[in-house]
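Produce the entire structure from the sequences given, and follow the hints as far as they go.
So the sequence shown is numbered by the working numbering: it starts at 19 and just counts up by one.
Errors might be hidden in some of the hints.
Derived DSBU-like pairs (lysine-lysine); straight-line CA-CA distance at most 35 Å [unchecked claim]: (1) 440 / 425; (2) 236 / 248; (3) 350 / 393; (4) 248 / 238.
Treat the hints as calculated values from the structure; they're not laboratory data.
For clarity, every value in this text was computed on a predicted model and none was experimentally measured.
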Amino acid sequence: MKQENIRNFSIIAHIDHGKSTLADRLIEYCGGLTSREMKEQILDSMDIERERGITIKAQTVRLHYKADDGETYELNLIDTPGHVDFSYEVSRSLSACEGSLLVVDATQGVEAQTLANVYKAIEVNHEIIPVINKIDLPAAEPDRVKQQIEEVIGIDTSNALEISAKTGLGIKKVLEALVKYIPAPQGSDTAPLSALLIDSWYDAYLGVVILVRIKEGKLKKGMQIRMMAKGAKYTVERVGIFTPKMQNVDELTTGEIGFITAAIKTIKDTSVGDTITDDTNPTPHALEGFKPSVSVVFCSLFPIDSSFYELLRDSLAKLQLNDASFVYQPEKSSALGQGFRCGFLGLLHMEIIEERLSREFDLDLITTAPSVIYKIYLTNGEVMNLHNPADMPDPVRIQKIEEPWVKATILVPDEYLGAILKLCTERRGQQVDLTYVGSRAMAVYKLPLNEIVFDFYDRLKSISSGYASFDYELDGYMESDLVKITILVNGETVDALSFMTHRSGAERRGRAICERLKDLIPRHQFKIPIQAAIGGNVIARETISAFRKDVTAKCYGGDVTRKRKLLEKQKEGKKRMRTFGKVEIPQSAFIAALKIGDDK
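Listed below in structure tokens is the structure:
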């Protein structure tokens, strides 16, 4: 294929604006799959993606399109996620392309993630083609949405395309616009090989599979390659493309996107953003790569049975290969044994990783409370990063504690604005800006990350009837009056439920968690006290009543002292049982206890 006939593009949009459906129509129109092989959201290959209706992994596909000018073009499409927790996938995909299709729902208009993703595309100098989707719906207002795109994003919409990805209306116009407006890739075929490692994953049959974008030179089967960051050398065994089925080819040339396998056994050798070059004729300069992702939420994962520790370690390594924004390190806990401290980009990211560990690797895990990184300044001048509330030093040694804050952008219809502002104020938010985009308000707030990490997104959706959209970025650290709340069940500290919170809301949070645990922990043969404490000071308590056998059932009439004697004997037994009894806390209780809505 001639280099000037190659077009690399990605599809960016807010959640549910029709990215994956548009990708389906493009594949169908270009004959990538027959109508018999076609199914909805063809590029969402994971079960979780199909069940939840979201894209988690960016997927790539090569299509061939015969344009009106008589030329045949090679189109490399990357379908990206829309959720804020998978924004790292988006930024990686964009760096492999020259242009983007910006899909906007004709009924909903510009949303928070539309803005976030479009700014990422502008940062990497993309040619952006606006696409107004869902114009077949009765509530569609394409002219209003075009005006909104011009006002909010500042992109010219005179060449914006009006389509319906569901019915296939306007798909040919999209393909013609791709060929006309998106530039061909630059670079020389004769230069030394320089390829960007976009993604990698583990395949049970092929080993590690690497997705690459060739910036310069050629990549052939049998070639000796070198990973520039790690210095690892391998011989290429297979070179191929996705159509979206895997298909072997002889070589990949400048500007093309495809995959390679090279019998890679060491997962650590393939770091996303690395430059792959020819070992015999290396390129003098490595490519820029990607900014490393910054983990926002941390939690610890422990196997329920300690014999599964090795399996958990191998499973995490395979998942990290497939998801570069996920990080982990070994950790030991006195109560839970050996496990791993893991970092995620958000709570949804955490849930997805947990679900993938349980489905793909059949693991039963205990998950500790999600937390963020606090900076603790000690009286001796040291500064420590606190990942786990259980490791908090003695308060006497602490000079001050700083917590991370974020800058959040919320877009919401005017009638829900009051409830949204109230929610942000409750979560210790500081208003930065409030402007209007047509009939919708755009509120910019500074919020503590600790307050939004649990259930802020769920609350936001419920009080705005699902109309609010939300995006955030980290905005440095600020000093706060924070305390550690310890949860005790039957007098024993439960490490996994310890958490940090602001002193002003400590009692409310402590009481809410105790009430929640009372419903979640099953009753035992003895009374179970549940307490929340700050240091040695108990701030909330609930008691789970015991099961009770009717020991007096066999007494028919007679002296009342006999009944009393039996009840006293039972009471003594319960007391002794409580001393030695072990309380089983079900795994589901850990996360459920922490998702406390403000209405609780």
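For this session: Would you list, in rising numerical order, the hints stated earlier that this structure does not obey?
Result: none
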